[in-house]
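With the hints as your guide, set chain B onto chain A.
Here the protein sequences line up with chains A and B, keeping their order.
Position 277 of the first sequence, counted from 1, bears residue number 277 in my numbering, the numbering being contiguous throughout.
In my numbering, each number is its position in the second sequence, counted from 1, plus 394.
Do not take every clue at face value.
Taking lysine-lysine pairs in the DSSO-like style, the calculated list, with each CA pair at most 30 Å apart, reads [claimed, not checked]:
| # | chain 1 | residue 1 | chain 2 | residue 2 |
| --- | --- | --- | --- | --- |
| 1 | B | Lys465 | A | Lys54 |
| 2 | B | Lys402 | A | Lys290 |
| 3 | B | Lys465 | A | Lys331 |
| 4 | A | Lys358 | B | Lys418 |
| 5 | B | Lys424 | A | Lys358 |
| 6 | B | Lys442 | A | Lys54 |
| 7 | B | Lys465 | A | Lys394 |
Covered stretches of chain B (chain A as the covering partner; in silico rule of three or more C-beta atoms under 8 Å from a C-beta of chain A) [stated by the list, open to error]:
| # | region |
| --- | --- |
| 8 | 418-431 |
| 9 | 446-452 |
These aren't lab readings, by the way, just hints derived from the structure by calculation.
Just so you know, even glycine gets a beta-carbon here, dropped at the ideal spot from N, CA and C.
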Amino acid sequence: MPKKYETPLLDELEKGPFPSFVTEIKKAAAKSDMAADELGQLEKSYRDKRGYWKHGGIVGVRGYGSGVIGRYSSLPDEFPNVANFHTVRINSIAGFFYTSKFLKEACDIWDKYGSGLTNLHGSTGDLVLLGTNTENLEPIFAEFSSRGWDLGGSGSAMRTPSCCVGPARCEWSNIDTLDITYSITQEWQDEMHRPAFPYKFKFKTAGCAVDCIASIARADCSIIGTWKGNIAVDQTEVANYAKNGMNIQEEIVNMCPSKCMSYDGKELKINDADCVRCMHCIAKMTKALKPTGEKGATILIGSKAPFVIGATLSWVIVPFMKMEPPYDEFKDLIRKMWEFWDEHGKNRERIGELIIRKGMREFLEYIGVEPQAQQVKEPRRDPFFFWTEADLQK
Amino acid sequence: MEKEEVKKKIYELVEKSMGKKKLKSSDIQKTISAEAGISRDEVKDALKDLIDEGKLIYTYFGGSFVEIPPK
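Just chain A, same shape as in the assembly:
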């Protein structure tokens, strides 16, 4: 297919050492009119310094309120092939373990019905297919569902849960992140496909506090693996790290957030009672240190990107919860949180914003969780708890 548009501004984005999305769109444009017009519209956006996409509206597959994001060009006469340019979200598999057979099939389906452009994966965690028209949505859904795949979440719904690779590839995972993600997905199919929340709700599960999936910043509910026992220390391996050039005092002891470690040049000592399970020392000295004892997860609530209020990180609600199938304790807790949100949440208000508006005490009372020291996010600056009339009577 001959080149349809001149793109001098986009061409600038191909220069330099990094991979360029422009190069990829150009490759797709060689065989897809849709991708070619997308390139043309994008160049115009760069030239005019404004976007030309409209978002939302009436679009989807029968029975689903999620998984398709309607996008329309505001210049349909100039770029007719992207008059409709809907995004399709496919529910990604836990840990992103695809077979190459599936990936080839997904690309073939997308070449047939869409622009050929994908976003693997979007920041949502879904397998994102970029750009198709309204008529092709049902056939795309039929192709994927006949192969055992489903649409992901979008809109005011539970979003496609995601997790780190967990025990599949990482020996430090304290919980089975993959199984938790699968269980959440199966349990709340309606909540994902039939939007009924005030706004979006995201789950992300990390096996440990290293939090490779950045759940603490990106999920309304972060599930982060932790442990109850001590950190086992292999002093021979500690000596090896020192021998191989590690400055244990600087890189480990001084970096400990709760200052629970000491090193005299021979022996590394840990005061486990003061350890906050941040994983820094373990991640740095994988051969010398190891968590022991009971494993479980810390449940945190409320992170989000800027919108009504600024960006927030999740904060601790339950410091330690056993996470074993069928995860009933966890699921009951989440249902109570959703009830609170449903009862008090305004349209487009995330659960974290609601907790800030209503107060942590009211939230904890509603979900039936006792106040605990670990829930205090910023000591001496932000006390959540005040005496009630009933407390004063005691």
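Chain B alone, transformed into the frame defined by chain A:
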């Protein structure tokens, strides 16, 4: 209350709101369950049927709503 009756009530509520206020699924569940004295799960189930039958659809305008499909 029979499911068909609940479905009728939901449809009428959505129809009455057209052009005035976009209703969320939870708005419908709250209103109908209070009006009809039934559980929200029953309303949810009837709403699910209406969506599956294509009599109502989900739309997105900064949030997800339930509406009557355009003719």
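Hint by hint, here is what the structure shows:
no.	hint	verdict
1	B/Lys465 / A/Lys54	22 Å, holds
2	B/Lys402 / A/Lys290	61 Å, violated
3	B/Lys465 / A/Lys331	41 Å, violated
4	A/Lys358 / B/Lys418	22 Å, holds
5	B/Lys424 / A/Lys358	21 Å, holds
6	B/Lys442 / A/Lys54	28 Å, holds
7	B/Lys465 / A/Lys394	65 Å, violated
8	418-431	holds (count 4)
9	446-452	holds (count 4)
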